[in-house]
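In the order they appear, the protein sequences are chains A and B.
Offset between the first sequence (1-based) and the working numbering: plus 437.
Offset between the second sequence (1-based) and the working numbering: plus 17.
Simulated from the structure, these hints should not be mistaken for laboratory data.
Idealized CB from N, CA, C, for every residue including glycine.
Hints are supplied without guarantee of correctness; some may be wrong.
[To be verified] Each pair of labels, with its calculated beta carbon distance range: (1) B:135 with A:554: 29 to 37 Å; (2) B:142 with A:562: 41 to 49 Å; (3) B:171 with A:722: 52 to 60 Å; (4) B:66 with A:771: 51 to 59 Å; (5) A:442 with B:330: 57 to 65 Å.
[What the hints assert, rightly or not] The calculated DSBU-like cross-link candidates involving lysine-lysine, where the alpha carbons are at most 30 Å apart (straight line), are: (6) B:374 with A:442; (7) A:442 with B:310; (8) A:576 with A:550.
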Amino acid sequence: MQHNKSFKLILLLLLSLFLTTGCYNKKELDNLAYVIGIGADIGSGDNLDITYQIAIPLKVSSNEGKTGEENFTTYTVSAPSLYVGNSKVNALTSKEVNLSHVKLIVYSEELAKNDLSGHINSLISNVSIRPKTTVAICKNSAKDFLKNITPDLESSPARYYELLFSSQNRTNESAKSELIDFYTATTSIERDSAIILLSNKKSGDDSDTSKKSGNSNDSQNSEQNSTGSSSEGQSSQGSSSSQGDKENSQKKFAGLAVFKGSKMVGEIPQDLIMSHLILTNELKQGDITVYDAKEDGKLASIFLRQEKKCKYDVTMKNDIPEINIKIKLTGHLRSSTSTTDYLDKENKNILTSNIEKEIKTLVEKYIQLTQSYNTDTAGIGRYVKQEFLTWDEFEKLKWNEQYKNARFNINVDVDLNVSRIIFHRISNI
Amino acid sequence: MIFKGFLENFECIATLGCMTIIPIILTLPTFSAHYFGTASFLYAVYSSIVAGILFFILFKFFSKYKNKDILDVAEIAGGKLLKYITGLIVVLYLMTAAVITLSEFNENVRNILFDEAPSIYISLLFIITVLIGCLIGLKGIFRASTILAPFMIIGFIGMFFALVPSIDLTNFTPVFGNGISDLFIGGAYKISGYESLALLFLIAPNIKNFDKTARNSFFMIAFFLLSAFFLIFGVMSYPSLTDNYLPFFELTKLISYGRFVQRVESIFVLLWLIATFIYLTIGISFSVLILKKIFNIKNSKIFLVIACIIVLILSRVLTSYIDILKFREIVSIYLSPLLIVVYPFILILLANLKNSKNNKETNYATQ
Numbered sequence: 438m439q440h441n442k443s444f445k446l447i448l449l450l451l452l453s454l455f456l457t458t459g460c461y462n463k464k465e466l467d468n469l470a471y472v473i474g475i476g477a478d479i480g481s482g483d484n485l486d487i488t489y490q491i492a493i494p495l496k497v498s499s500n501e502g503k504t505g506e507e508n509f510t511t512y513t514v515s516a517p518s519l520y521v522g523n524s525k526v527n528a529l530t531s532k533e534v535n536l537s538h539v540k541l542i543v544y545s546e547e548l549a550k551n552d553l554s555g556h557i558n559s560l561i562s563n564v565s566i567r568p569k570t571t572v573a574i575c576k577n578s579a580k581d582f583l584k585n586i587t588p589d590l591e592s593s594p595a596r597y598y599e600l601l602f603s604s605q606n607r608t609n610e611s612a613k614s615e616l617i618d619f620y621t622a623t624t625s626i627e628r629d630s631a632i633i634l635l636s637n638k639k640s641g642d643d644s645d646t647s648k649k650s651g652n653s654n655d656s657q658n659s660e661q662n663s664t665g666s667s668s669e670g671q672s673s674q675g676s677s678s679s680q681g682d683k684e685n686s687q688k689k690f691a692g693l694a695v696f697k698g699s700k701m702v703g704e705i706p707q708d709l710i711m712s713h714l715i716l717t718n719e720l721k722q723g724d725i726t727v728y729d730a731k732e733d734g735k736l737a738s739i740f741l742r743q744e745k746k747c748k749y750d751v752t753m754k755n756d757i758p759e760i761n762i763k764i765k766l767t768g769h770l771r772s773s774t775s776t777t778d779y780l781d782k783e784n785k786n787i788l789t790s791n792i793e794k795e796i797k798t799l800v801e802k803y804i805q806l807t808q809s810y811n812t813d814t815a816g817i818g819r820y821v822k823q824e825f826l827t828w829d830e831f832e833k834l835k836w837n838e839q840y841k842n843a844r845f846n847i848n849v850d851v852d853l854n855v856s857r858i859i860f861h862r863i864s865n866i
Numbered sequence: 018m019i020f021k022g023f024l025e026n027f028e029c030i031a032t033l034g035c036m037t038i039i040p041i042i043l044t045l046p047t048f049s050a051h052y053f054g055t056a057s058f059l060y061a062v063y064s065s066i067v068a069g070i071l072f073f074i075l076f077k078f079f080s081k082y083k084n085k086d087i088l089d090v091a092e093i094a095g096g097k098l099l100k101y102i103t104g105l106i107v108v109l110y111l112m113t114a115a116v117i118t119l120s121e122f123n124e125n126v127r128n129i130l131f132d133e134a135p136s137i138y139i140s141l142l143f144i145i146t147v148l149i150g151c152l153i154g155l156k157g158i159f160r161a162s163t164i165l166a167p168f169m170i171i172g173f174i175g176m177f178f179a180l181v182p183s184i185d186l187t188n189f190t191p192v193f194g195n196g197i198s199d200l201f202i203g204g205a206y207k208i209s210g211y212e213s214l215a216l217l218f219l220i221a222p223n224i225k226n227f228d229k230t231a232r233n234s235f236f237m238i239a240f241f242l243l244s245a246f247f248l249i250f251g252v253m254s255y256p257s258l259t260d261n262y263l264p265f266f267e268l269t270k271l272i273s274y275g276r277f278v279q280r281v282e283s284i285f286v287l288l289w290l291i292a293t294f295i296y297l298t299i300g301i302s303f304s305v306l307i308l309k310k311i312f313n314i315k316n317s318k319i320f321l322v323i324a325c326i327i328v329l330i331l332s333r334v335l336t337s338y339i340d341i342l343k344f345r346e347i348v349s350i351y352l353s354p355l356l357i358v359v360y361p362f363i364l365i366l367l368a369n370l371k372n373s374k375n376n377k378e379t380n381y382a383t384q
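Only chain B is shown next, with the shape it has when bound in the complex (with noise of 0.2 Å):
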């Protein structure tokens, strides 16, 4: 167990939903768009059906070791050697993953709300505020995700019905996009949307029913990922979109009813810095306690302090969004399918390997 106390289903369904909206919002779409043209959507529902059967086979393998975490699990599969190994990578891509979302969030809160505020202020202010959540505790934040989790709901179902009269269908058209082989070949790969389910394997054992979690977790992203694609697709029209990349954004700026609801975007920008900060505070809250885990650090709130820090000096060194950007295309497309869905394969697998061998050693002597 890396952290002590239960989840509720609801809690770790909401903070799941949560940490989705991040890489929805923001770049995913975009970095769609590049790869996979106006076929955006279809890949959007195939890579749900893929990552659904992927995830659907990994936690049936994984269902035997639900009251342990993937650093037990490598321990069973490796021994300690396993479990530092592993520890390190994760804690190695939810720090890269928080300075990159750190960095883009600076990048985008100039941009479009404080212009003219040093870039040093908006990184340190928040990381201030990401670390109090993470000296409150990560039960906190789970259950500050099931606050925020109903406005998202609610949120994304009123873009839904306000941007319905924008909809063009002819912009899903040409059916395949980019091509045929680059949708179905290429777009198996890229299910970085439901990278935030790869979460469960650390919140296993505090989890009272993995299976129902999982698969409400799992239908939670679905919605949040289907129907942010359905609109931003929907809407706006290929070409166009390939340039920016805060999609969601310009989408909010459509939305109004008469002279009364104008400017929609400030609510959405609230729960963007929202989902950000829970994003970056699980993300920083976890590996630290990794990092307790395996080297049996007693008193990790000091680590905690360093841990921002370190997040807020590398997030400083990359300020070129062109660098981030890059940076979120290797870390999310390319390294994230391996982390979440291969890495975890390859330790359940040799775990298993491992234990029906002892099993069969432990029958032999006995007989």
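This is chain A alone, in the form it adopts within the complex (with noise of 0.2 Å):
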């Protein structure tokens, strides 16, 4: 009697449970706007321009073989913040804006060096985005940047981003550049960032397009709506340039944009990345150029990966941290263009020894470059903090105003093997 009281009771509260559920938020996924891409510039007053990509997911999937550039639209509005932002985007657009499959998020140099703190928080906090989405710095307008890109080669331009953002696995042109990275490093003491610097100037181009779109934005002080990326670039690029000189020409790496805090202070060029991917331990695979061993002008073609982890040793003299820094790489002599026999120890020897120099010069000048801004992008202060025993001791050390007064000694022992490669000599008669 007593269990056929609890069923009854039971059976009724599980009822109950279907009668107290609502259907009146439900979220219809045909009724979402995904964002792929979010840009934010200087707008009027304390409002930024923040611009939505958008992608629209009917035509990724009905345009087969066609290239990405039609599959997105892009949506500008003024707004103080993201979530602002969001709602004006939702006032415009027949749906409800998504954030989930966020991949890019590009600020441009003019606001990046004015102060991305807030910026960062509100979206590090937002659970929708993912922590490891790509954060970007546009030396020009993120608007510009965002309607012009076309992803030739990819017809979805979500994953387009996913592609061309994880090029640091087989490339030395790129570098990681995440939310949660970025994040902890303009949190920490010990290190500073460096995320990826974009560039969307045409070629030819100098005059500063942001600054003429950000005007107009700001003279309307109107929300904007572009269908497509490509109209402007390709008329601009006329009939002649191929596919691939049109994705050069209008975005590319151009290197890394240097943050002390939340601030952006420098850039370090194109081929200084590869120092810092050795540097974080983070060099997949990269191709390096030196001289011939042997014949004056020839160059041999290497390419590196970086197997091991570097070795800090760090050594505090009078308060100034000496660190000595042992990079071991693999390289594989990928060609010649000399007739030099590579199987010969002795030049297999002085191309090693090149190689070494090369590398050598590439990371110390990646390091007085950082010491000139002060920022510590590689986070060495990481190795640092281990030769202390509390973090009271390592704050008093105050290694971000020390950085620029470290001494650094870099040991690199480059690993050849030549055994792979197959030589088609020509002798010059």
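From the two separate chains plus the hints, produce the assembled complex.
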């Protein structure tokens, strides 16, 4: 009898669960607008010009074989924050903005030089945005970058971003630039951040397009919408330019943007990205060209891999850290324009020495440059703090002020492999 | 005996493990980051050693009373009055923990899952589920834990392998974090990660092999605590962690295997919901069962409804997340060691003294 009563009670309560739930806040997938890129530029007054790049899933799925340039649309709104911006875009579009598929967040250089702390805090606390989303700085207008991007070899713009910003896994031309790393570095006292710097200047175009478009936004102080991105780009290219050229001229990696805290303070040029990757133990694969061991003016191309992490030995001398960095790399000789026989040990040693010198020079340049900004973008402070027993002791060192005074000794060791190379030597007659 | 029936060893171990998950995945790592900084993992190791020694001594003393729960021990130590006082203290603690857990749960669920849902809906629906769990009975909850615990263990091991590449050992330095004295003197007291182990004092008469269960439960909790701390503090660096009151959720957001395995946090949310359900059900059920025992109540089911309503109402009072965190800190960090170690130790000591005194008197009378 007692069990029967309990059963009835449980049944009643279970039924009440279905009665108390509602569908007033249900979210249909078809009713959502999936944002894949967010751009922010300085706007009028305290406002930002926030650009939303929104995928058009129907076009992505039906556009087989076509390029991705028509598969997204952009909306630009003037708002003080991302949340207000979302609300404004919701009023502009027939669908509700959803940020769970954002692949790229791009800020204009001008905004980054002001301060990004508030923006990063709001992004990191937004549950929809993934912590591994790529954050980048655009040398010009973020709005123009998102509008003009043309994913030529990929129909899905989201996939295009994923592949583009994971290129550090197959090249030394870009670096990892994730939101969570950026946030961690900005809150840290032991390192600073360096994130991807993008440029969308067209070849031969020295005018600042960002300012032009930004001003037009300011003057109108209204929202703009443009479907597709390539119309302007294509017209500026002319009919003779190939797809590859077009892509290359419209956007490119332009190095790394260097931050002190949450303010951008400088740039690391493209040729020093490899040094950044080596020192952060992120070099998956890269290529370097050095002079031939024997023949003047001839070049050898070497494929590099970082199989072992850099070893950092820190010693404190009169409160100044002296840091020995041991870099160990594995190289494969890919090709050479000379006729030098690299199976010969002596030639191989000379080439190895050339590679080591080249890498050492690059790493030294990188360190000198970052010391000039006083920003530890490679996170060497993480190894310095190992020398201290307590956090207070490390704080007293004031690493973020001391970095510029630190002394570095770089030791590069390259294990060169030439066995795989097939020589096709054509002697000059 | 607070409730009838025997519990298998693995049922107890699994339940205590599931109950430990709640503080570990929610606020304990953040509190630790505030107290110990970069030495938080070292603190987890140190507190495990301290808790291990303390509970070993405590259970050794308690071994005389294996067939009695802590209320019986209190009765031996100080008669009916001490039994009532002990019962009420335990009920108060369990109910407070339940209220804080429900408030915390409500806030977190609204932040990460149902941001548009009215908070009363979340609390109400969850407390109804908890009430059903309480009505089904404790045995059912212990069995549900045995189903959940293997998934928890697999989840932790899976997370470990998924996050190993992201672990940066420099995050554990400077090794002594905010100071040696903070770590070794302050840390010795902060053993709230092992709070669920004190449940053994309530279910001791229901366990077939107390020593084995206590030992294995300790290792189970240590596994969850140490692996969670190693992952959280290995992946996230110290200063940024102090602002994050749901670090385990953030950690799961970092897991992905290519394009196919992404958004693993949904699995975490499911495990968290079930663990919270077990925690609340056990807390409320034991509160009512203790009242039933000390006041000889025959039909306690209506009290389960009342207890659930009280927890719901009080959780609605705690609406500010800052207040919830303050209460959690006071209860978990400062009160719980007193209640789980110091108070039982005093009771057992008093009971032992009383027993030896009685024995002496009996011997004297016999002579």
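Checked hints:
One distance hint, 29 to 37 Å for the beta-carbon pair residue 135 of chain B and residue 554 of chain A, holds here, with the actual separation near 33 Å. Hint check: residue 142 of chain B to residue 562 of chain A, Cβ distance near 26 Å, so the stated range 41 to 49 Å is violated. Here the CB-CB span from residue 171 of chain B to residue 722 of chain A is close to 34 Å, at odds with the stated 52 to 60 Å. Range check, residue 66 of chain B to residue 771 of chain A: about 55 Å between beta-carbon atoms, so the 51 to 59 Å window is met.
Between residue 442 of chain A and residue 330 of chain B the CB atoms are about 25 Å apart, so this pair departs from the stated range of 57 to 65 Å. For the hint pairing residue 374 of chain B with residue 442 of chain A, the CA-to-CA distance comes to about 50 Å; that exceeds 30 Å, so the pair is violated. Taken as a hint, the residue 442 of chain A and residue 310 of chain B pair is honoured in the structure, with Cα atoms around 23 Å apart against an allowance of 30 Å. For the given pair, residue 576 of chain A sits about 11 Å from residue 550 of chain A by alpha-carbon distance, which is consistent with the 30 Å threshold.
Hints 2, 3, 5, 6 from the list above are not met by this structure, while the remaining hints are.
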